[in-house]
Amino acid sequence: MQVYIHYPYCATLCPYCDFFSTTADEDPGYQASARKELAIWSRFLEGPVTSIYFGGGTPGRMAPSLCAALIADVDKRFGLSSSAEITLETNPDDVTEQGIRDFLAAGVNRLSMGVQSLDDEELKMLGRRHDSASAIAAVAAARAAGVENLSLDLIFGLPNQSESGLKTMLERFFALQVEHVSLYGLTIEEGTQFGVDLAAGRFTELERASWLRMYDLVADAASSHGLERYEISNFARPGRCSRHNRSYWRDGNFVAIGPGAHGQRRLKNGGLQRRFNPRSVKGWRAAVESWDKAGEFAPHEELSPESWLREACMVGLRDLRLGIDPQGWARSFNLADETLMATVKRLVECGDLSAVAPHRLLSKAMHRVDAVAAELLNA
Amino acid sequence: MIPRERIRNFSIIAHIDHGKSTLADRLLSITGGLTQREERAQFLDKMDIERERGITIKAQAVRLSYTHTDGLEYMINLVDTPGHVDFGYEVSRSLAACDGALLVVDASQGVQAQTLANVYLALDNDLEILPVLNKVDLPAADPKRVASEIEESIGLDTSEILSISAKSGLGVETLLQTLVEKLPAPSGDSDAPLRALIFDSWYDPYRGVVLLVRVVDGKISSGDDIFLMHSSSKYTVLEVGAYTPHHSKLDGLETGEIGFVICGIKTLRDAKVGDTLCAVKGAELLEPLSGFEDVKPMVFAGIFPVESADYSELGESLEKLALNDAAITWEVENSSALGMGYRCGFLGLLHMEIVQERLEREFDLDLITTAPTVVYQLKHPDGTVETLDNPAKFPNERRRETIVLEPYISAEIHVPNEFVGTVMRICQERRGEQKEMRYLTKDRVTLSYELPMSEVVFDFFDVLKSNTKGYASMDYELSEFRESDLIRLDLLVNGESVDALSLITHKDNAYSRGRSLCKRMKAELPRHQFVVAVQSAVGNKIIARETIPALRKDVTAKCYGGDISRKRKLLEKQKKGKKRMKSVGNVQIPQAAFLNILKSD
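So the protein sequences, as listed, match chains A and B. According to the numbering used here, the residues represented by the first sequence are 1403 to 1781, in order. According to the numbering used here, the residues represented by the second sequence are 6 to 606, in order.
Hints are computed from structural coordinates only; laboratory data are not their basis. Treat the hints with care, since some could be wrong.
[Stated by the list, open to error] One-sided and incomplete, this derived list gives chain A residues near chain B with beta-carbon spacing under 10 Å: (1) D1522; (2) D1772; (3) A1773; (4) A1776.
Beta carbons: idealized from backbone N, C-alpha and C, even for Gly.
Can you make the complete structure from the sequences, with help from the hints?
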């Protein structure tokens, strides 16, 4: 079982970010609502918790004492596994060596840093406050503070980005010798600043072919630096895969704390019940209060076992090592879905999936992961 | 048998929603025509589409028996006319079958343009008109004001105007009495040779074509050999009768009576509304009844199957549909974007929608209808005139001497004076020319405009309604073809011209039309895996462009706060959307886009 805690506060908003975030000051009731929400979830789910993920926003800007209190609460309510992965997202310009020490002391054992690029022009375009030098300094500070499991975010696919420019930047990026890299191919979302700029014609999106070549460039660079592509857009040294990332769908149970967070619980028959938090601090706090009064799980969405099975295939496809095992999963919940199995068989025959269960996405289908996922989902 | 003096043939003239069908139902139930079980709403509108849309498409004629306070039994024939401007010709023939009409006006809404147009039609046919105020029991009713409006705008004496509520039945009994007293009995010569007016017809799968007729002179009986004067075809009468409202067989129909005739006609094309039915013997000596017109389609659009394999089925379905719709025309159209389909002609936009809906509903076809267009004329230097019903065929490069003509309509728009400015603006934007402005009363105005039909055909009426809080009403008729500076506007999707999306527009409007076309297309097109560019062009010149960004390339490192549902919906949506789309190159265009591009922003 895992816990996701959303801390929405940021110093500035990034023009590409589609998570819920705000530049307002922390709501004085944030801590109380988050802790109350943990308490409510504990009525419905049991531990032990194997992963806590502080996402955002910029959770690196929260008080280490708040972080410690929340971790302690998770332990108190659910029981925290001794080997639990506890990740904190932060930005280079929010990193200080002492700050990181405090977070480590609070229980954090993995840091995910939004470096995004080491090209100063690109960083400016992305609306980041840091430059490449301060990003490199932040990595050094984290190491000095004792972070052993460090993940960096990397963005590619910016308008006007060239493949050669990307290559040069990647050399410097992988020279930082981190344990994990999360890759983000820039996509322009409606409702973000980039979406507005694109619609206004201030720039054009990269062509798909070029975008895909860049994707491959990153994957090649990662592997030549000893990072394995274990997920469609995540790379890690052996043993350093993000546990949180890859168990979203396998476990079935995860607690969601904070505005915009999504949580779910597994039903005995294999189906799922989901709760979605409002994307505003005020709305979320009110929702926590009314949930507390309601006393029931009150799901916002309910997934039948059959729908779950297909959705698990859709998400599981991204995990290149674990793959998907629809036959096995169906057996464990007494499900029968012949059309899905027929589709799996067809995908195996045309070389998109490996032949033996668990079926892994094969390299030739890597660029079409969404199309393959849609086929399974809509089989 | 009821003597001719005790026959009353009348129809009800009313604006949509002013209560015509409710009144008809009420008359039926008072005279005992319907059992309680049958008194469902709007009995007379038989087609599903009619009932759903609350409009009458086909005329109906019901024979009722009514005993007056004078103790005598009267035969009352109620002719229910179609209620939409698309079917104006049918209305005029239905009225020609009557001797009188009830003018039903909503006591709160007052006289509307369409009502007025039909009143004039009735007056042209020498009908006695009996004004009636309906919905007088509603709080907003203002019978005095509306009565004086009727008096001023039409010139009818309203001193004895009837006030009723068709819904509650209030005053309807009195209405029946008055109707018998005031409306004239039919004239005609029962000793003269048979002449009957066909005022509507429909196809019945068991009986073949059913003709609705008014016997003007003479008598028609089962077994008679008859001749249709305009179609020049002979038949033998198999059955005559009347609707009470149920199908009731009779021995014959006498002078002045209204009823049906079944004589083995196979398709509606052979049963033209307005035609004169007479006996075979002596037919050559007779004059046909006046007022016959061959109905011509006014609006054209392409109808294509979404699945090209359905092309032949579409053709067969059109054949079957035409059994029951004499007005539709079609010929094969080949579009490079949409494949094989049919170019169809309709009376108007409502007719087009009805045809499309019937094809999809009754024949289970998945269709794409292209934007409707009017018929243009090209006058070549050698004097020949070419008619053009398809924008794709409009020549981009034409000889200087070739003249393009477009159809104009004369429109009468009826509106409260507070909206006069708005209506004038709308008409002006659509190249309208004001002809006249009349005050019907101190706060109701009739505007007469000459407008290019192409500007009116698509959503003019909707725009008019929504800008006048629903108060404006309109009636129009084709006036003439005028020379006009027209050009073809093409739409390009990723550089490829899509012929089915071309349209014809006035040169002065090309830029604004091009821009709104691209915007509209952008709104209609789903995102693809690649960027899609939509451009509009006149000849080789691009005049507007919109870009549709590519679909999210989904390799995001994390699920958004655990939001798997969102990803699922994204992928699910892509598939569901595909069903009703047409591929043009590698771009998927939704079915509705072909029609919606004409909508105003």
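Hints, one by one, checked against the model:
1. Interface restraint check for D1522 (chain A): the shortest CB-CB distance to chain B comes to about 23 Å, outside 10 Å, so the restraint is violated.
2. A distance limit of 10 Å between C-beta atoms decides the matter here; for D1772 (chain A) the minimum to chain B is near 5 Å, and the interface restraint holds.
3. Interface restraint check for A1773 (chain A): the shortest CB-CB distance to chain B comes to about 8 Å, inside 10 Å, so the restraint holds.
4. The interface hint given for A1776 (chain A) holds, since its Cβ lies 4 Å from the closest Cβ of chain B, which is under the 10 Å cut-off.
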